[in-house]
Amino acid sequence: MALAVVAGAGTRIALGSLLTPTVGAVGAMVATLVGEAISTVTAAAFLGRHTVRLQGPRLGLRPRDTWVAFVAQLGLWALAASAVLLGRRVLPSATAGDFAATATLASAAFFLPMAVAVAYFPRFATRPDQAVLRRALRLAALLGGGTAAVLAVAPATSVRALGGPSFRTDHLVAVLLASGAAALGCAGVATYFLLAARRLCALAVWGGIGLCLGGLLTSSPRALAGVVAAGTIGTATTVVGAALRVRRDTLSPRSLPLPAPVAVPSPVPVPVHLVPAPTCAVSVVVPSFNGGGALRPTVLGILRTLDGIPGGSEVIVVIDGSTDGSEQTLRDLDDRVVVERLPENRGKGAAVRHGAERARGTLVGFLDGDGDIEPEVLGRLVAVLGEPGTWAAIGSKRVEGADVRTSVGRRVLSAAYRLLVLTLFDFAVSDTQCGAKLFRREALLATLPWACEEGFALDVELLALGRRFDLGAIVEVPVRLARPEAAPSSVSARAVVRTLRDTFRIWSRLQDAPATVCDTGWGAEAALAAMAQRAPRRKELACAS
Numbered sequence: 036m037a038l039a040v041v042a043g044a045g046t047r048i049a050l051g052s053l054l055t056p057t058v059g060a061v062g063a064m065v066a067t068l069v070g071e072a073i074s075t076v077t078a079a080a081f082l083g084r085h086t087v088r089l090q091g092p093r094l095g096l097r098p099r100d101t102w103v104a105f106v107a108q109l110g111l112w113a114l115a116a117s118a119v120l121l122g123r124r125v126l127p128s129a130t131a132g133d134f135a136a137t138a139t140l141a142s143a144a145f146f147l148p149m150a151v152a153v154a155y156f157p158r159f160a161t162r163p164d165q166a167v168l169r170r171a172l173r174l175a176a177l178l179g180g181g182t183a184a185v186l187a188v189a190p191a192t193s194v195r196a197l198g199g200p201s202f203r204t205d206h207l208v209a210v211l212l213a214s215g216a217a218a219l220g221c222a223g224v225a226t227y228f229l230l231a232a233r234r235l236c237a238l239a240v241w242g243g244i245g246l247c248l249g250g251l252l253t254s255s256p257r258a259l260a261g262v263v264a265a266g267t268i269g270t271a272t273t274v275v276g277a278a279l280r281v282r283r284d285t286l287s288p289r290s291l292p293l294p295a296p297v298a299v300p301s302p303v304p305v306p307v308h309l310v311p312a313p314t315c316a317v318s319v320v321v322p323s324f325n326g327g328g329a330l331r332p333t334v335l336g337i338l339r340t341l342d343g344i345p346g347g348s349e350v351i352v353v354i355d356g357s358t359d360g361s362e363q364t365l366r367d368l369d370d371r372v373v374v375e376r377l378p379e380n381r382g383k384g385a386a387v388r389h390g391a392e393r394a395r396g397t398l399v400g401f402l403d404g405d406g407d408i409e410p411e412v413l414g415r416l417v418a419v420l421g422e423p424g425t426w427a428a429i430g431s432k433r434v435e436g437a438d439v440r441t442s443v444g445r446r447v448l449s450a451a452y453r454l455l456v457l458t459l460f461d462f463a464v465s466d467t468q469c470g471a472k473l474f475r476r477e478a479l480l481a482t483l484p485w486a487c488e489e490g491f492a493l494d495v496e497l498l499a500l501g502r503r504f505d506l507g508a509i510v511e512v513p514v515r516l517a518r519p520e521a522a523p524s525s526v527s528a529r530a531v532v533r534t535l536r537d538t539f540r541i542w543s544r545l546q547d548a549p550a551t552v553c554d555t556g557w558g559a560e561a562a563l564a565a566m567a568q569r570a571p572r573r574k575e576l577a578c579a580s
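Count the sequence shown with the numbering used here and you get residues 36 to 580, in order.
One or more of the hints may lead you astray.
The following label-pair restraints were derived from C-beta to C-beta distances [as the list claims (entries may be wrong)]:
no.	residue 1	residue 2	range
1	Gly-347	Gly-276	53 to 59 Å
2	Pro-423	Val-531	35 to 41 Å
3	Val-65	Phe-462	48 to 54 Å
4	Gly-436	Gly-328	37 to 43 Å
5	Leu-335	Thr-314	21 to 27 Å
6	Ala-154	Gly-356	18 to 24 Å
7	Gly-356	Val-532	21 to 27 Å
8	Ala-166	Pro-378	41 to 47 Å
Don't read these hints as lab results, they were simulated from the structure.
Yeah, the Cβ is synthetic: ideal placement off N, Cα and C, and Gly gets one too.
Using the sequences and the accompanying hints, generate a full structural model.
Right, here's the structure in full:
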């Protein structure tokens, strides 16, 4: 369905750009019709080939549900279109076109959050609790607010790119309309939640129509934009507040039919004796790709740190398809060091998983082999896991006591990514990507069979699965970088896009994971043993997402 929307929109924009300058309004209409036809054909072709039979209860559709949904959707549309309609009505023709172009562009801050509402609606219908609603609202606010911020930075350029060089815009008008559109997007998410919960207060969106009609008394673009923004923000406050006051225990089975439990797919069980038994206290996996001269000092530092830990330890170095011969530097180390080699470079996540499958420690973790993070942090991680209720101890460059010098660009990207992770997965971790982590063996065995990522996103996936399974607390420990990052950021645009793609892919797959480890019906040891047979399934899930 997403492909159908993108195909139609792309066709409409490309064809409109070609036809509108020569044919005018007729060309724009032709481009719209062709784009919608392509969307319809694409969606029909997909549904024809991939239609599945949905399992679950019959949700009884009551007449009241139908008209409430219709009226509420009509109210959202009226609020979204109010700026353009009122601008054409009250402003002089000389400025009405510019105002309409600005309002049309600002509506992007409304439609992106509405995509969140559509995506979350099935969850609202089956699980209308506040945790799901808050996650959806945070994601909608992030998308809508981010879009509004982008439009506020360069509104004139954006409007000219949209409508042509003849259009002009007022910066304040753009900021007001974009802010109101972002707020209305959050109201749309709350409205969908109220509709799923079958609440009449979903009709509260119509309260903003009366406020926006006050724009009929204005005569300037700024005054009209202010009235529309006040109306939409006031409506969003009311509707979101109403949704947040809905409690799960007030929803009866009669008013909200819930689906029957669905069996959760689990790994194919294999003999437990294939899993290495825990024979030492700590196992540290060191993923390395062309580690060069930094690999041996890193491993030696890990060995020195683990020397004082009772119960013994091991270091599993996974050479991830390196071509620099760095594994040769480890030949004369003691028997606590195990070197595994992958035939080709598959990514940090694949290397960590390969090493974890062979770990024999009661505590299992990993430390990057590039030498950036001082190995002494492992001792603090081990101490933290001695506290009851903690399942993961992770290094962090952002907590008090960390000694890190990084560029402004890296800090901005890190803050934005942290906000995205908090929005999608609802766990407050300041630094998910630090390459020093340690887990309790039983907790890691519960999460790894469900993990699919082979790149850097495995860090987020493991922590998100642990949050999903409610395994316990995640404690952050400050780290010190032995080799500070250079001032200019080395993060490429391609890496940023790939990380965002993987993060959203994790969020999508997480919806199919069980709510608790007990749902799977298999023990921790059998889970790790099953990972070898689940490899094709992991690849299938990754491709499907």
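Results for each hint:
One distance hint, 53 to 59 Å for the beta-carbon pair Gly-347 and Gly-276, holds here, with the actual separation near 57 Å. Distance hint for Pro-423 and Val-531: a CB-CB separation of about 39 Å, consistent with the stated range 35 to 41 Å. A hinted range of 48 to 54 Å holds for the C-beta pair Val-65 and Phe-462, which are about 49 Å apart. At roughly 29 Å, the beta-carbon separation of Gly-436 and Gly-328 lies outside the given 37 to 43 Å, and the hint is violated.
Remark: the range hint 21 to 27 Å for Leu-335 to Thr-314 is upheld by a beta-carbon distance near 23 Å. For Ala-154 and Gly-356, the Cβ-Cβ distance of about 37 Å falls outside the hinted range of 18 to 24 Å, so the restraint is violated. Here the CB-CB span from Gly-356 to Val-532 is close to 23 Å, well matched to the stated 21 to 27 Å. A hinted range of 41 to 47 Å for the beta carbons of Ala-166 and Pro-378 is consistent with their spacing of about 43 Å.
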